Amino acid sequence: MINHTLTALFIVTLFCLGLSGCNSPPQEYSTTGVSLHSELGGSAEGFERACTTRQFSFPEDHGAHPKFRNEWWYITGNLEDSSGLRFGFHVTFFRVANPPEKPDANGTSSNWSSSEFYMAHFAVTEGLTEENVHSTGFERFSRAAAGLSGAHVSNTEESTVKVWLDDWQLHASYVDDKLIWQLSLHEGDYSIQMRLTPEKPIVLQGNAGYSQKSADPCNASFYYSLPRLRADGQIKIAGTQHDVTGTAWLDREWSSSALADTQTGWDWFALQLNDGRDLMLYNLRKGDGSIDSFSYAVEIDQRGTKRQIPIDQISVEVDRWWKSDTGSRYPVAGKILRKDTNEILVFTPLRENQELDFTVRYWEGAIDLASTSGENIGRGYLELTGY
Amino acid sequence: MLIGMTLGVAIIFAVDIANESSKRAFSLSLDAVTGRTTHQIIGSANGIDDTIYTRLRTQLGVRNSAPVIQGTINLIGSDGSAEKQYTETLQLLGVDLFAEPMFRNQPGQALPKDDQANGNVSARTNRDSLKLLHNGTVILAQSTAERLGASVGSSIEIADSRFTLTLISTVDTKVQANFENIAMVDISTAQEVLGLHGKLSRIDLVLPLKSQPAPVTQRTKKIEQNIEYIESSIPGVQVIEAARRNNALIQMTEAFHTNLLAMSLLALLVGAFLIYNTVTLSVIQRRTVFGQLRVVGVHRHELFRSIITETLAFAIVGTLAGVVLGYILGSALLTLVTRTINDLYFTLDVRQVSYSVFTLVKACGVGLGVSLLAAVPPALEAANSPPVTVTQRSSMEGRVSKIVPFIFMAGIGLIGSGALVLWISERSLWAAFLAIFFIVAGYSLTIPKLLLSLTSMGNQKTWNPVISYSSLGNYPLRSITASLSRTAIAIAALVVAVSATAGVGIMIGSFRLSVVHWLGDALQSDLYITSTASDNSLPAILIEDISTLENISGTRQVRMLNAETDKSPIRLMAVRNSGTSPQVYSFKDKANRPATPNTANSIQSAISPEARMRLLNTTDSVLVAEPYSTNENIRVNDTLKINTDYGLKPFTVVGVFTNYTSGKGLVVLSMNSFHRYWSDRNIDTIGLTLSQEVNAKDTKKQLRGLLSIYNDKLLMRSNTEIRTQSLEIFDRTFAITHVLRLLTIGVAFIGILSALMALALERRSEYAVLRALGTTPFQLRQLLLWQTGLMGLIAGVLALPLGIAMSKILVSVINVRSFGWTMEYHIPPIVLLESLILAIIAALIAGFYPAYKLSQLSPAEALRHQ
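Chain order of the listed sequences is A and B. Numbering of the first sequence is given in numbering that gives the first Met the number 0, commencing with residue 0 and proceeding in unit increments. Numbering of the second sequence is given in numbering that gives the first Met the number 0, commencing with residue 0 and proceeding in unit increments.
It should be emphasised that the hints constitute simulated quantities derived from the structure, not laboratory data. Any given hint might turn out to be false.
Derived DSS-like pairs (lysine-lysine); straight-line CA-CA distance at most 30 angstroms [to be verified]:
| # | chain 1 | residue 1 | chain 2 | residue 2 |
| --- | --- | --- | --- | --- |
| 1 | A | Lys177 | A | Lys161 |
| 2 | A | Lys334 | A | Lys199 |
| 3 | A | Lys66 | A | Lys161 |
| 4 | A | Lys177 | A | Lys199 |
| 5 | A | Lys177 | A | Lys235 |
| 6 | B | Lys198 | A | Lys161 |
| 7 | A | Lys66 | B | Lys130 |
| 8 | A | Lys334 | A | Lys285 |
| 9 | A | Lys161 | B | Lys130 |
Partial list, computed: chain A residues near chain B (C-beta under 7 angstroms) [as the list claims (entries may be wrong)]:
| # | residue |
| --- | --- |
| 10 | Trp111 |
| 11 | Arg142 |
| 12 | Gly146 |
| 13 | Asp165 |
| 14 | His185 |
Only a predicted model underlies this, so the values are computations on that prediction, with no experimental measurement involved. Each residue gets a CB set at the ideal place from its N, CA and C atoms; glycine is no exception.
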């Protein structure tokens, strides 16, 4: 899961780092810094909001929902080559819409004009190599116009679902009535070519896909997941190609409005256990460090049946903090304690440094799961934002 | 002394400043437009299809690419009264901000080294940049916005367009100087404003990828692979080196700047003369004092040292003042230079005066160096001579007259080497300027000798008509030669200044005459209708309507486009004549190679214009304007490959024609050929020839009615209007040369003045004797004025041969080498007369003050020391 905050954050910082004047002399711009929430507050205007449940329909809902402000296609996964070398990967396509324009006096007819743009992140983590090799990430932007980026669903074309930014692509096509996903990204000496075959049906998160984030019923998103995808393909790291297999997780979420004022960030776990169960948990953190009651946890059994875990039945205990060169401290290792099943899942990162120093800085990395006795019980991905 | 030095340094510095500032602005402007781009994808004349960019990104994965639309717009200032509009011409740069970071400096972004300096995120600017994605928004330089009276949020009208732009952000040019001349908009806005739907001007590339550091050879190979990959994947696409295109632009203005540089060399020469003269003067006028000092026991070394020290002190003050004055003068000149560049080449707006350390050092060096150089001989002389003779001027003149023949020989030698340089160098502009410099310097060295022979010519007989009016007989004349060391330098300075005036005057005169003739040839139609719409095309219906009009005996349809070739880019002009089509080209033929019999459309150089036009209309052939022919060395029977809508196609050159338009090379082809290779069917100008018998007024009225329905999008002009306008631009272009000429004369004037002052001071006792003998103050004044008048006359006469020689070099060497223009050579007698009068008047005016001073002389006082 990734939340509104991230979107908000990157809108705010996007045009600083990549595109504009971070370097302007400060005295010229006396405006006070941006408040995350005020930035988001007015912006939902003109967009549809997620205020109640809706009817999902596939494959149409795999495509873009332009009436909503933000949307993403979010894939994480753990991979392994035949020699046992471990890898993590993370690919995200974000769709961001600007507030709808006022009617343009000039009248627009250029097919380059667009109020939407896409941002994409692509990161890989290599497992057991030298200490100084850490995860590598790439970031791209493009306007959703002139065919440069977009997301659409079509039954006539080669692929049913197509999400792309330049030559970074996520496709899905039907093979024997089953939608098979295909990831294809290149950047310099890094690339990923991955076939993702769903092993469980789509899981609608929250209340039938309506995922409320705070007391305001419209502070919510539409959210579904493909919790377990079998991954096989190639991954190229620093020019070296590896044939790999593993498991991946696909999240889809769209919304128009933000977090509550009190929420500062979140910790998100997507875990695939060796016994076939999958677990997803996000803790929305409040300013005082406590966990918001709108946090959420769910267990999906071997057949794909979802069972929500009451948020007071599950908690996270941090064992180790890691401080990055950028100065942020992340809780990268710890324990997930379940009262409902009396389980303890010990999580450790594949490597500590899986921070992504993008327009929005966050920690997104592969983790290992072990029992208290140290036996490996699964793998997953952890996302830490707002640190 | 200070004034002379100050002026001398000032003129050198001023010209350099004007030159350098405009050059810097130009390169910044170029940098803003191309930035770090290494290669560009260009298409045919209409630009390239924007889907090529999409394919490049989504299919080929060429990430380091950015779409660019470039054009020129006029923004209308909202400030001030409605009837007095302020418009400013800017480069419209359409970009995709998402593709930009690695190409150009972003708005408000300083140099990369400052990247980490300020992490202070300002939301307002960030959100503002995001707004650029909205259609119709623009980012301008802060200074530009202020001039337009626009602030963030206000809308700015575009002249001759229905579009308005909203200013969303401004960029401080202190942070990012190259934003000065730019209006940055989104690609979508640019497409709409310029009417370029589905088109891009070009795609910028950075090859190879940044992440691939490799040895040079490997990189080159990688680049080649990249180009091959792109070109083979998208048919019809051409990847060229960005530097090549920029070079073409740089070369165009380079010629102009070289001309300015020549001006600054001239200024250097005149300025150096001036400084030399003033310093010598200041030392020599105190010979008596120095003599007395020696008498009372001052050692010669001490004397020498003190003279030099004093000169140096003066030189420093004078030079500093000169730099300040030069800066002020230079800023004023800059406006003129910029205007010329705008008229001739490129939309450029220079607001910032800049200069390099080098120019500063140069101006100061000349100021100090020449001062010292000038002070050393007289100081040495004063220090070394026996005290008695120091007080006598005649001893010095005696020595000067001895070296006159040697100086003369040196001068002849310099002129000779100048001529040699001119003869040997084939195309080098620099060599030509060097030659001019040699010739001018050499000529001025011959002046003392010429002066002597001129004044002694036929004894007094030749001069009788002139001096018979003088009450003192030939005294004024003889006294010029008597103090040769003084007068020769003053006269030389005046000669250089006046000859430059004459030379440049003759050149401009010849040029203007050629342009007038050419305009007469080229503007054969009576009326021209052009479009002011953004895409420049005339409505098709209008063309039909016009063709049905009576009273019109012939039409000439023209389509102008930019096109790339296998050589530098061209301005392509497709032409269709119907009805009576007058001959508009005057051909200048030079063939690189003779006609080969097996080439179907190869022609003999003596072919008639009619036959050429026939070839032009029936075969794949073009006419090439003379400057392009010269610059690219492409002649009749050569092949020029032009990038058409169907790729590069060869066209045979069947004629080289006179053309004085500047900028990109002009190439003419027939409308038939154009339609064969381009899909563009627009027409942007129609020329109409009216039947002889009809009333032109009625036809005009009829046409105006026809045009009125197009909402001022069309412009009708008569050929007289265009001619007047063209000549106006011509005159404006050369305004700067007039100013520089006047400046040079001004400096020479100061030179004469100081020389005369020196003379007057030195000869106080001589004049005192004259006064004592009964000469009235009036007669003395007259004497002085006669003397200066004669000096002026001599300078004027001596300046003419040099002026004519200079103009000849300017016309037939410099202009050809720098612009590729050949022109008729024509010496307007008026220019010669003007120069003569200018010389005499300058000298006379310079004589007034010394004459007045002398007439005030008290004979008793002046003679007391004898």
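Hint check results:
1. Lys177(A) x Lys161(A): holds, 16 angstroms
2. Lys334(A) x Lys199(A): holds, 26 angstroms
3. Lys66(A) x Lys161(A): holds, 19 angstroms
4. Lys177(A) x Lys199(A): holds, 11 angstroms
5. Lys177(A) x Lys235(A): OK: Lys177(A) and Lys235(A) at ~28 angstroms, within 30 angstroms.
6. Lys198(B) x Lys161(A): Holds: Lys198(B) and Lys161(A) sit about 26 angstroms apart, inside 30 angstroms.
7. Lys66(A) x Lys130(B): Measuring from Cα to Cα gives roughly 20 angstroms; hence the hint holds.
8. Lys334(A) x Lys285(A): holds, 20 angstroms
9. Lys161(A) x Lys130(B): Within the cut-off at roughly 28 angstroms; holds.
10. Trp111: holds, 4 angstroms
11. Arg142: At 6 angstroms from the nearest chain B Cβ, Arg142(A) passes the 7 angstroms test, so the hint holds.
12. Gly146: holds, 4 angstroms
13. Asp165: Status holds, d = 4 angstroms.
14. His185: Interface hint status for His185(A): holds (6 angstroms vs cutoff 7 angstroms).
Violation of the numbered hints given earlier is absent; every hint is satisfied by the structure.
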